[in-house]
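Chemist: Please build the complete structure, drawing on both the sequences and the hints.
Protein chains in written order, with the working numbering: chain A, 3 to 437; chain B, 3 to 437; chain C, 3 to 437.
No wet-lab data here; the hints were simulated from the structure. Just so you know, not all the hints are guaranteed correct.
[Stated by the list, open to error] Derived BS3-like pairs (lysine-lysine); straight-line CA-CA distance at most 27 Å:
#: 1; chain 1: B; residue 1: Lys376; chain 2: C; residue 2: Lys365
#: 2; chain 1: C; residue 1: Lys246; chain 2: A; residue 2: Lys246
#: 3; chain 1: C; residue 1: Lys376; chain 2: A; residue 2: Lys165
#: 4; chain 1: B; residue 1: Lys246; chain 2: A; residue 2: Lys365
#: 5; chain 1: C; residue 1: Lys246; chain 2: B; residue 2: Lys365
[To be verified] Which chain A residues stay away from chain C? Per the calculated CB distances, all over 10 Å, these:
#: 6; residue: Ala64
#: 7; residue: Glu163
#: 8; residue: Glu179
#: 9; residue: Cys215
#: 10; residue: Leu242
#: 11; residue: Gln305
[What the hints assert, rightly or not] Which stretches of chain C does chain A cover? Using the computed rule of at least three CB atoms under 8 Å from a CB of chain A, they are:
#: 12; region: 361-371
#: 13; region: 401-410
Backbone N, C-alpha and C define an ideal beta-carbon position, used for all residues, glycine too.
Take a look at the letters that make up each chain.
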Amino acid sequence: MEKTTIKYTDSRDIGRKLHSWAKDLFPICRSITGPGLRETLKYIQKILPDLEIHSVPSGTRAFDWTVPNEWIIHDAYIADESGQRLVDFQEHNLHILGYSEPVDKWLTLEELDSHLFSLPDQPYAIPYLTSYYERRWGFCLTHNQRKTLKPGRYHALVDSELKPGVLNYGELVLPGEVEQEVLLSTYICHPSMANNELSGTVVTMALVQWLECLAKRRYTYRIVFIPETIGSLVFLSRNLNHLKHQVFAGFNISCIGDDRIYSYLPSRNGSTLSDIAALHVLKNIDPEFKRYSWLDRGSDERQYCSPGVDLPIATIMRTKYGEYPEYHTSLDDLNLITPSGLEGGYSALKRTLEVIEQNIFPKTTVLGEPQLGKRGLYPTLSTKNTSHSVETMMNLISCCDGNTSLLEIADLINEPFWELVPVVEKLVDNGLLWV
Amino acid sequence: MEKTTIKYTDSRDIGRKLHSWAKDLFPICRSITGPGLRETLKYIQKILPDLEIHSVPSGTRAFDWTVPNEWIIHDAYIADESGQRLVDFQEHNLHILGYSEPVDKWLTLEELDSHLFSLPDQPYAIPYLTSYYERRWGFCLTHNQRKTLKPGRYHALVDSELKPGVLNYGELVLPGEVEQEVLLSTYICHPSMANNELSGTVVTMALVQWLECLAKRRYTYRIVFIPETIGSLVFLSRNLNHLKHQVFAGFNISCIGDDRIYSYLPSRNGSTLSDIAALHVLKNIDPEFKRYSWLDRGSDERQYCSPGVDLPIATIMRTKYGEYPEYHTSLDDLNLITPSGLEGGYSALKRTLEVIEQNIFPKTTVLGEPQLGKRGLYPTLSTKNTSHSVETMMNLISCCDGNTSLLEIADLINEPFWELVPVVEKLVDNGLLWV
Amino acid sequence: MEKTTIKYTDSRDIGRKLHSWAKDLFPICRSITGPGLRETLKYIQKILPDLEIHSVPSGTRAFDWTVPNEWIIHDAYIADESGQRLVDFQEHNLHILGYSEPVDKWLTLEELDSHLFSLPDQPYAIPYLTSYYERRWGFCLTHNQRKTLKPGRYHALVDSELKPGVLNYGELVLPGEVEQEVLLSTYICHPSMANNELSGTVVTMALVQWLECLAKRRYTYRIVFIPETIGSLVFLSRNLNHLKHQVFAGFNISCIGDDRIYSYLPSRNGSTLSDIAALHVLKNIDPEFKRYSWLDRGSDERQYCSPGVDLPIATIMRTKYGEYPEYHTSLDDLNLITPSGLEGGYSALKRTLEVIEQNIFPKTTVLGEPQLGKRGLYPTLSTKNTSHSVETMMNLISCCDGNTSLLEIADLINEPFWELVPVVEKLVDNGLLWV
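Modeler: Right under this line is the structure:
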C-alpha cells in the first residue's frame, strides 16, 4: 500500500499549541494524589471549562484497591556536611522518590546508599521511581553524580506529608445525538515526564476542543484525566454499570508525542470497533506502524479491559512506553516530544474518532450498477487520477449492501476511510445510496 | 501438487470446431443492438435450435438503465480529395467508433483530428471504442496510418441510423431432474474481437451441445447470449425473482480462447459453490493459474453479483480482459485464439460443471473401515500406482460422513474431483457408500 | 519459543523400567490371535492386576469384519537336503509369515521362491509380513541369506494351526470423580517389534500405574490393550454407544520409544481437546516436533475416528510408523528403543493427560487488576526471573474471564500449561481466582 499523506484539517499551529501546553504543565510535581495533581487539573479546566474535578477520600475502596493517603511534598534534599545541597528536589522533581515519607537525619554514605537510585546504563539520566503502597523514602540521581559522592556524613531531608486527603480526577461529557459513548482516558500522575504523560494529556485536551466544535456529534464522548491505575480503578468502580452499558468504543491516550513511529496496542478482545478503526487509520497513515499484543499492555487498558469490565479500549501511540530509552527517566523531557510528533499523534486519534463517528452501513438504491454517465459522475476528461477515482467509486458501490460498514468496505477495497466519505456524500446527493 | 493432465472425453477436434465457429462469426459487425447482433444470434440458433431470441424495445427500463436506440451501420469512411477511401469500415469493423451518429461532411485535418482515435503505444493496432450513451461520431485507425495523414480536406461519411428499435438476446433452458438452476452467461456485442468475445460465445455453444447430450442432467441449465452490461441488466430486471430463487451456481464466460494462462475471478461473495468448484478445477489442471480479486472485476459479474442481486457467478478465463496487450484492439483476432486454447478453456468449464453436477454427500454404510480384501477391492499385485489408488480410496472413505461434499473431500485429500468419481461409483457398487 | 526442559516428576529410573518390560515381552511371538497374545496380556495383568482379559470367539462380527480363526504356530523352518535348518522360526519370530497355514513338503528353489520375502534395499533386515485374511504360507528372511540359497530341493515345514478359537484383548477402567472418560488404546499384535509396538504397550502400562496412584482423579480412564484393526473394531462394536457418549478425549499410543523426534497425528476432526492438548505439550517440550495430517494416519485412529464413530482420538509419537528405516523389520529391536526415548514419550503423554485433568475455566474474583502488593505476591527483590514470573501471573489473571480454559490461556500467553498450574493454585489460595 502506498503511503498516504494526511491532509490536516487543522493548521500546523496545533502542534505548537500542544507543545506549549506541555511546557506549562511540565514543571508541576504530580503524583497520584496531592497538590500537583490538583494544579494540573485546574490548568486543564482553564482551557476546558466544562471539566468537572472529582475528589475521592483516602480510604475509599475501588474493587481490590484502596485510595491511599494524600502525598504532599514541600522540599527534599541531600546536603553534605558543609550544608551544600547535592541532590535537590527544587532542581528537579524526579530527585525525590514518589510518595517518600518524611525524614530528617544524618547518615553515612553507606547508610544513605540503600535510599539512592540511579541507572548505571544511563549515567546521565535521573530515573523516575515511586513507592505508593510501601512506606519508604529515597532519592533518584544520575549515576554520574552518585559516583562523585565521597564517604562522609550526609543530611537527608524529606519534608513531606502522608495523610488522609483525596484523590482527584477530571471528567467531561460531551453529549451527542445518541447516548452511546466513546470513552477517552489519559493520565496525569507523572511528574515532569513529557512523552509518557503530558503528550497524552495535551493531545486529549486538543481532541476535546475539536469535539466541542463539531457541527454534528453523533455519539456522546466521555473524557477522563486520571491518575494511572488507582485513578482508572476509582473511575471504573464508581461508574461500572453505566460504562459497561454505554461505551462502545474508546482509547487510552498515552505516549503520543514523539517523532519516531506509530504504535498500536489492542484491547483484550482484540477485534472491537476501536481496534478495527485504529488499525485502519494506522495502516493508512503509516504502513510501518508497530503492532503490539495484549501481552505488551502496561497502562490503563489493564483495568478497562480486565475480565468482567471488558470495555472496548484500544491504544494508539507514537513510541510505546517501555520501548524507548528515555522512558521513565529525566530524558523523557520537552525535547523528546515535538510539535510535529504531537500533531501526528493528535491527527491519528482524530481520524480514528472520525472513522467511528462517520461509520455507516451504506446501501445502494438501485439494483445492478448505477448508470453514472447520465448523472455526470463519469469524468468527461479521463486521466489516470480520474480513472482511479471512478474505480474507487464503483468498488465502493459494489460493496454497499447495507450489511457492510463503511469501515469494512474501506478495508475491503483498500482505500482510506476518509477518501470514501466524500464519495459517499456525492452518491447520497445523487440518490444512489441510502445511509 | 503435481500437474495433472486432463483426459479429454471429447476428441481433439473440438478445438478446431470452436475455432471454425469463431471464424464464421468474426466478420459480423456486432454492437449492443442492431443487425449484427441479430445475425450473430441467428448463427447460434442454427447450431442450437432451441435458442429463443428475445427482443426488448428501446426505451425499456432496466433498473437504473434504459435500453438505447438501435444502431444500424451501413457504411463509413474517410476519403481524401481524390475520393480515395483512406479509412474504410468495409475493410475493418473496428474503423468505426461504435454507435457513431450519421455524418457526411468535408473537414480539414485539424477539424477531423478530434474524431480520430489511435494508440501511440501500439502503432499497428486499431483500437476498439464505443460511445453508447453520448452521441458522437469517430473513426479508429492505426497510429501509423494516422501519422501519414497530410494537411488537406477530408470527406467523413458515416451512413448510420440511431432510432427506436430493439435490443436482442438469446436464451436457452435445458431442464434437469430438479429445478435448481446453473446460469451460464456470455456476451455478443463486440465486433471482430476474438478472445474478448467470440471465445466465450463458441465455448458456451459447445457447453450447451455437451449438456444437451448428457444422459442424466441433475440440474436445470439456463444459458444466455447477451450484450454486455445493458444485456445482463435487461435479462436480470426481467427475471430477478426467478433467478434469485433458482440459481445456485453459474459462470460468466469470457476471454477463454488463448493459449497462455488460466485465470479465476471470484463472485462478490467469494465462497459460493461456483467459486469453490472453479478453484478446485483450476488448481488441479494448472496450479499456476492466476487468481484475481473482486476488485479486478470488469464484465457481467458486475451486475450479477451487485448488492441485492447477489447471484453466485464466478469467472474462469484464459488470459483476462485488460491483462493482455491485444485487448480491445484489432490484434485480438483469430490468431490470438487457438484450437488448443479454446479446447483448454472449454474443458476447464466442462469439468467445473461436472463437479457441480456430480457433487454429492457420500456416507459410508459401515462403521469403522470396511474390509476391502473380502470384496476384491485390494489389488492382488501391489505396485506404486495401485498403492496410491488404495490410499486414495481409503482417504475418501475416511471422509464420507454424509456431511462433507465430494468436492470438499477432494480438497481435503488433495485429489482431483474427477479421480474420485469412479472410486465413488465402485464403492457404491460394492455397497460401501450411500450417495 | 524457547525450548523448555521437562522437569520430570518421576525419577530417571522409569525409562529403565519401561525398557526392561519391553525386553521381557520382546521374545513372545504375538499375532492378532493366539497364545502369544494371551501370554502378553497375562504379563501385563501381572503388573496391572485389574486388567480384564476379554475373549471373543472366531466368527464374531465386528461391523464390516469378522473375527478370524485363531492362529497357533508351533514350529516352522526351511531345511536343506542335509536336514540343516536354514531359515528357522525358533531363531527369529519374524521368519514366519504371520498366519501361515500348515505345510510340510519338499520343493525346488524355484517352487520355494514365491513363498520367500526379503528386502533388496535392506539386505540385512528380516521383513515383518502377515496374511491374516488370505490363506497362504511363507518365510521372511534377509536378502543376503536369500542370495545364498543354491538350486536344489528344500524342505518347508510350517507346523501351525488355523482353527476356531478366540481373539483376546485387555481392558482396564480407572474410575474418576466424574463418568466422562479418557480412552487410551495401544496394540499388542506384533511379534518381536520394539518401537512399533512394545514402546506403546509399556508406556501405556506406566501411564496406568501413574493414573492409579493419582491422589485425585477427575476423569474416568478406560485403557485397552488390543490387536490392531480387528481388535479396535471388536472393542468398538461391543461398546460403541457407551464410548460415543462418554469419551471426550483419548490417544492411540504407538511408536513412542525411540530417541529421535516427537510427532503428532491429528484426529479426523483435528481440533478436539485431545488435539489441542497434544499440540500444546509438544510445542512446549520440543518446538521441532513433526506435525502429520489425517492423510498420514495408519493405526487404530482409522477405526476410532471413522465416520459415525468419531471418537476424539489423537496420537503423540516419537518417530512415526512408516517414517523410519527400521519400521516393520527385524531392525526395529530393543536397541532402537531407549530408556530416555521411552521416558520422553511417557512424559509427553503424561503431561498431556495432566493438561486434560487440570484444565479448568479460571475466573478472577475481583474486577480490575488485583493489588498483588498487599498480598505479598510481588517479589520484594526484583530480578529478571521474578519479573518474568510476575508478568506471567498478570498475563494469566488478565485472561481469567471464566470462559477461557487454562489450556487456551496457556496458548494465548505463550506459557507451558504446567508453569501456570502452580500460579493458579497460589492465586486460588489468595482468594483471587475461582476455579
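Chemist: So, for every hint listed, does it hold in this structure?
Modeler: Each hint, compared with the structure:
Between B/Lys376 and C/Lys365 the CA atoms are separated by roughly 56 Å; this puts the pair beyond 27 Å, and the hint is violated. With a CA separation close to 42 Å, the supplied pair C/Lys246 and A/Lys246 exceeds the 27 Å bound. A distance of roughly 19 Å separates the Cα atoms of C/Lys376 and A/Lys165; the hinted pair therefore holds under the 27 Å criterion. Between B/Lys246 and A/Lys365 the alpha-carbon distance is near 19 Å, which keeps this suggested pair within the 27 Å criterion.
Taken as a hint, the C/Lys246 and B/Lys365 pair is honoured in the structure, with Cα atoms around 19 Å apart against an allowance of 27 Å. Not every CB of chain C lies more than 10 Å from the CB of A/Ala64, the least distance being 7 Å, so the non-interface label is violated. For A/Glu163, the non-interface assignment is confirmed: its Cβ lies about 22 Å from the closest Cβ of chain C, beyond the 10 Å cut-off. Distance to chain C confirms A/Glu179 as a non-interface residue, since its nearest Cβ pair spans about 31 Å, more than 10 Å.
The claim that A/Cys215 is not at the interface with chain C holds, since no C-beta of that chain comes within 10 Å of its own (minimum 34 Å). Listed as outside the interface, A/Leu242 is inconsistent with that label: its C-beta sits roughly 7 Å from the nearest C-beta of chain C, within the 10 Å cut-off. Distance check on A/Gln305: its Cβ comes as close as 5 Å (rounded) to a Cβ of chain C, failing to clear the 10 Å threshold; non-interface status is violated. Counting residues of the region 361-371 of chain C whose CB lies closer than 8 Å to any CB of chain A gives 6, which reaches the minimum of 3, so the coverage claim holds.
Three residues within the 8 Å Cβ limit are the bar, and the region 401-410 of chain C against chain A gives 4, so the coverage statement holds.
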